[in-house]
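Novice: Model the placement of chain B on the given structure of chain A, informed by the hints.
Protein sequences appear in the order of chains A and B.
Residues 50 to 265, numbered by the working numbering, are exactly what the first sequence covers, in order.
Residues 221 to 480, numbered by the working numbering, are exactly what the second sequence covers, in order.
Since the hints were derived computationally from the structure, they do not count as laboratory data.
Bear in mind that the values here come from a model prediction, so they are computed numbers and not experimental data.
Careful, some of the hints might be misleading.
Output of the computed footprint for chain A on chain B, the stretches with three or more beta carbons under 8 Å from beta carbons of chain A [as the list claims (entries may be wrong)]:
hint, stretch
1, 252-266
2, 271-281
3, 313-321
4, 428-439
5, 442-448
Ideal placement from N, C-alpha and C gives every residue a C-beta, glycine not left out.
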Amino acid sequence: MSQMLKREVVYAITGIVTVIMFLEYFFFPESQAWAEIIRTWSVIIYNISLGLGAVRLTMAHSMNVQRRRENWAFSGVLLAGLAIMLLTGLAGYFMTGQQTNNAIYNWLFNWVYTPLGATLYPITGFYIFSAAYRAFRARNIDAALMLIAGCFVILSNAPVGEALWIGFATVGEWFRFTGQVPGMRTFALVGTLGMIAYGFRALLGKERGFYAGGEE
Amino acid sequence: MAIIVTGRLMTFILMVLTFIVMYYYMAINKEEEYNIRTLPAMTAIPEAVGRAAEMGQPVFWTPGISGSLNDSTQGPQVLAAISLLEYLTEECAKAGVELAAYCPLPDAMPLVEETMRTAYLRQGKPEEFNVEQIVFISGQSAYLSGVLGYFQRAKPASNILVGGFYYEAVVIGEAGNTIGAMQIGGTNNTHQMPFLVATCDYMLLAEELFAAGASISRNRDELGSIKGEDIMKLILAAIIGVGFLLGAAGITIVADALGW
Numbered sequence: 050m051s052q053m054l055k056r057e058v059v060y061a062i063t064g065i066v067t068v069i070m071f072l073e074y075f076f077f078p079e080s081q082a083w084a085e086i087i088r089t090w091s092v093i094i095y096n097i098s099l100g101l102g103a104v105r106l107t108m109a110h111s112m113n114v115q116r117r118r119e120n121w122a123f124s125g126v127l128l129a130g131l132a133i134m135l136l137t138g139l140a141g142y143f144m145t146g147q148q149t150n151n152a153i154y155n156w157l158f159n160w161v162y163t164p165l166g167a168t169l170y171p172i173t174g175f176y177i178f179s180a181a182y183r184a185f186r187a188r189n190i191d192a193a194l195m196l197i198a199g200c201f202v203i204l205s206n207a208p209v210g211e212a213l214w215i216g217f218a219t220v221g222e223w224f225r226f227t228g229q230v231p232g233m234r235t236f237a238l239v240g241t242l243g244m245i246a247y248g249f250r251a252l253l254g255k256e257r258g259f260y261a262g263g264e265e
Numbered sequence: 221m222a223i224i225v226t227g228r229l230m231t232f233i234l235m236v237l238t239f240i241v242m243y244y245y246m247a248i249n250k251e252e253e254y255n256i257r258t259l260p261a262m263t264a265i266p267e268a269v270g271r272a273a274e275m276g277q278p279v280f281w282t283p284g285i286s287g288s289l290n291d292s293t294q295g296p297q298v299l300a301a302i303s304l305l306e307y308l309t310e311e312c313a314k315a316g317v318e319l320a321a322y323c324p325l326p327d328a329m330p331l332v333e334e335t336m337r338t339a340y341l342r343q344g345k346p347e348e349f350n351v352e353q354i355v356f357i358s359g360q361s362a363y364l365s366g367v368l369g370y371f372q373r374a375k376p377a378s379n380i381l382v383g384g385f386y387y388e389a390v391v392i393g394e395a396g397n398t399i400g401a402m403q404i405g406g407t408n409n410t411h412q413m414p415f416l417v418a419t420c421d422y423m424l425l426a427e428e429l430f431a432a433g434a435s436i437s438r439n440r441d442e443l444g445s446i447k448g449e450d451i452m453k454l455i456l457a458a459i460i461g462v463g464f465l466l467g468a469a470g471i472t473i474v475a476d477a478l479g480w
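For reference, chain A alone in the conformation it holds in the complex:
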């Protein structure tokens, strides 16, 4: 029974959903009641998975705290954070009817969560530098060509580039807006075909990953 649920029922649901979406997109964009129901359901299922995740997270970390496992204090912080955000969100909802219209909730989100995220983002710049340093080494002819193109693009973006030679801006822009376009479009095209092939295999039940692996 579990194997049947895992495969045949999933095949059937995949097929039905695909046909409905296909018909809606190509033939009946105005009468999209069924397609709309499916889209709504996908959002509902996604949110149920979030809810289940929250329950499971609470259970796992409560166990960590209860049994004083390694780094249990972090689990405690996580549980406290979860409880605070949940309670302030719910309190705001009961008081104003709007979940996020709550001073404490907004303060926590705007002045704790967002700055923490914004703090992490700039490290990308440093990592791009170190990745570029590794990539821009003329080990062979391809890497040398990339190095030359990269130098033009960098100098076209940096003010000093134009100060050195006005042509850096023109050449750099050509690389960015013309030279790289055929390559990127090729990737986009073949990548899309790959996605269609993957979808077609999934539709026919030939793609193992889509069904969480093959037979046990």
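Specialist: Relative to chain A, chain B alone:
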């Protein structure tokens, strides 16, 4: 009134043609033998697992956080990453190597869990599967912090970064380089490909990501769909070439037809 929505006729024709060509090579043309070139990134997976076994350190896998399974461009990449996870888990189970799966996508979690559980079961080692191998961290920054912290604590020997990535591609890739991990990357997101190419030892670029499973399994149906994909690639290249030449001569019939 047009039967097919205006502006979508050519998309419909190309899509149906793609399905027909793929189906022909998958199910009708039974005589021809299909070959697929070996993808270096896929042959490197046993090497990555072997390295981890020798060093006594774990293997790390993540599908990126670019979008949920619902997302039409990111979802298939995540599913392809899960296909690869199946193979990776089996290799890890065979070699007795710990595999850490960091999945920041809540809707992909059940698939990841079931895929890993099935892979351990198929290797006859269901007792070795531990659900705590799979870590879920919500939110891009929190997920990145968790991964970077894990890298510093566990120092995985090999990292498999395959799926839909945004800016975490360069951060995870570079952090992996810092700890000296062997890295295999793969994505269909053109804006993140350069970062993975720069930071990984092996790479699955664009369609290779979706063909990765077939290159290992050599399953005839899967290879047939890839053969069909290649034929469609040639047809599309021909349309683009003819359209370009005609366009240069001032004849816009191909460009106009694509807009029907």
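Novice: Indicate, hint by hint, whether the structure satisfies it.
Specialist: Consistency of the hints with the structure:
{"no.": "1", "hint": "252-266", "result": "violated (count 0)"}
{"no.": "2", "hint": "271-281", "result": "violated (count 0)"}
{"no.": "3", "hint": "313-321", "result": "violated (count 0)"}
{"no.": "4", "hint": "428-439", "result": "holds (count 7)"}
{"no.": "5", "hint": "442-448", "result": "holds (count 4)"}
Hints 1, 2, 3 from the earlier list are contradicted by this structure; the remaining hints agree with it.
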